[in-house]
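There are 4 protein chains.
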Amino acid sequence: MGASECQPSTLESAHRLGRLLAEAGWVVLTGGRPAGVMEAACAGAKSVAGSLTVGVLPTGPEGPVSAQVDLAVFTAMGEARNAINVLSSDVVVACGVEGPGTASEVALALKARRPTVLLGAAPAAVAFFRTMAGGGVPYEAETPDAVIEIIQQQVRIPRWRPI
Amino acid sequence: MGASECQPSTLESAHRLGRLLAEAGWVVLTGGRPAGVMEAACAGAKSVAGSLTVGVLPTGPEGPVSAQVDLAVFTAMGEARNAINVLSSDVVVACGVEGPGTASEVALALKARRPTVLLGAAPAAVAFFRTMAGGGVPYEAETPDAVIEIIQQQVRIPRWRPI
Amino acid sequence: MGASECQPSTLESAHRLGRLLAEAGWVVLTGGRPAGVMEAACAGAKSVAGSLTVGVLPTGPEGPVSAQVDLAVFTAMGEARNAINVLSSDVVVACGVEGPGTASEVALALKARRPTVLLGAAPAAVAFFRTMAGGGVPYEAETPDAVIEIIQQQVRIPRWRPI
Amino acid sequence: MGASECQPSTLESAHRLGRLLAEAGWVVLTGGRPAGVMEAACAGAKSVAGSLTVGVLPTGPEGPVSAQVDLAVFTAMGEARNAINVLSSDVVVACGVEGPGTASEVALALKARRPTVLLGAAPAAVAFFRTMAGGGVPYEAETPDAVIEIIQQQVRIPRWRPI
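Protein sequence lines, in the order shown, are assigned to chains A, B, C and D.
Each residue of the first sequence is one higher than the last, beginning at 1 in this note's numbering.
Each residue of the second sequence is one higher than the last, beginning at 1 in this note's numbering.
Each residue of the third sequence is one higher than the last, beginning at 1 in this note's numbering.
Each residue of the fourth sequence is one higher than the last, beginning at 1 in this note's numbering.
In isolation and in its complexed conformation, chain A is listed as follows (with noise of 0.2 angstroms):
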């Protein structure tokens, strides 16, 4: 998850982040936008061989989708549609909390108490999602490996099987 402007440090991020996923097997679910964080890392993940990467899109099939989506999912719900995203994620990871649509996600996430990383995430968004009450906390990484790490050790999710 993560925000469609953000610095280009971020995007470098996401970027490998994508292509770090696909490589250890899993499936790369975003926004589905052709900007920012949703493309940037659908772009890594299809970097990668046999990587499939899925939109959950705000939009009807009217709508533009990044062309790094293998799979688009046509909501028409705009930002209700991120209650769906963090449902559907076996690990949320918000890359940069830039923008008020990545906030959302984040709490949505940890409302429902779904495994949650902040990658590169500004020390205001950290003291506050790591000090809220009713929900799940966030980890926090630096690096796009540090997830994966994180992802593999403590929320071990396996690979996606192969299709």
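For the record, the hints were derived by calculation from the structure and aren't laboratory data.
Ideal Cβ positions, reconstructed from N, Cα and C, are used throughout, including at glycine.
Watch out, some of these pointers could steer you wrong.
[To be verified] What follows is a set of in silico ranges between Cβ atoms, one per label pair, in the way DEER data are often shown:
#, chain 1, residue 1, chain 2, residue 2, range
1, D, 24, B, 158, 42 to 48 angstroms
2, B, 64, C, 7, 43 to 49 angstroms
3, A, 145, B, 142, 54 to 60 angstroms
4, A, 90, C, 133, 34 to 40 angstroms
5, B, 149, A, 61, 56 to 62 angstroms
[Claimed, not checked] Not close to chain A: a few residues of chain B, all C-beta gaps over 10 angstroms, as computed:
#, residue
6, 123
7, 145
8, 153
Assemble the complex: chain A is given as a structure, and chains B, C and D must be docked to it using the hints.
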């Protein structure tokens, strides 16, 4: 699309349709529950090597999912997810229109003017949906093989790109 | 519930129904758009002092709302909001079943086993919905006055508490 | 908006806010559950004659509803309904940001650029939401009375028309 409880002939039909869709290189998307047409169509698809099945579920991740579903999208939105199924499908095929859930999906598909095929529908369903104004007009098919012919000749969906 | 484009007789019927519902002390909930049955039913209700009309809209707050709606609920979910309309109504009345949007609402209402009345529906709609398995069975009414009688005698909804 | 489990001082604050909003002639919309800030704000509103309270619930009609809610809208969409609450409110007031559900609503409100007030929020919440880019900037208030002043002077919502 189809009912969770239905006649044996509808299940056979759904299974064959799933297999034919997968053989034609298309992704099979259903409501994802371990029952009825959803499970039968996915099982048919999974009898084909390299197939991909998607389930868009009414529940969150705590709910039951068909073991024939490769990719589960958890909406936790009950029947409101029917709108997502319809918008995310290049062609909507109703395997029988035996229950109100399927009827709602056919109606939503026509409203959104998605290509829609009624497979083995009772005369009352055909009469109702084919005379309705303000939306698309469904195709009719007697057999799964006829559905494939309609998709290839009338709707012209390209094969899914191999992953 | 009813179509945004419909016959003049359906509009008259919707207007009278809205008035009778308001006179009976009930809240009138529609899809809230400034068109067709939605607007006519709300206008009928608002001709009664002390009435309350609720619109559950497919758009966000930037979309058009009928001036006859007292309270607008903005879903920004397109037709997925039909599921909300149905679940939020003590009785679902379809004023004509002339379009696929209304058909989806009737189907969702039967699926959820909400009390449902088909007012002035064509024979094909009645034949279809009354023979469907796996959900409730709709009442039929020829006139708005007959709808009120059904609600009072069969469904037994209490008057809304005065505010 | 606010948590279902929260500190006594937050409940008092929510109750007073509900009362002041109703006295100012506004409709009070909450998540509608019989708990926490939702119930307290509605109870405060219902202590005022002629008030109107709306609950937009995560459940269907089988779920629990606060007895202080006049009009229940049943979404059966879980936390995805938070997007509806935010879009349907002329002003979003968060009574404390103590849990992730409320945090998601504040984030969605800022994303949609709805006028948003943080009432009695902890410093970490204020620091997080006020430095976020790509959305609106929330107002801050220490007391319910200050919220009313902000709405009247900054947001300028007209009184709801009497019904």
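Just pull the numbers of the violated hints for me, sorted ascending. 1, 5
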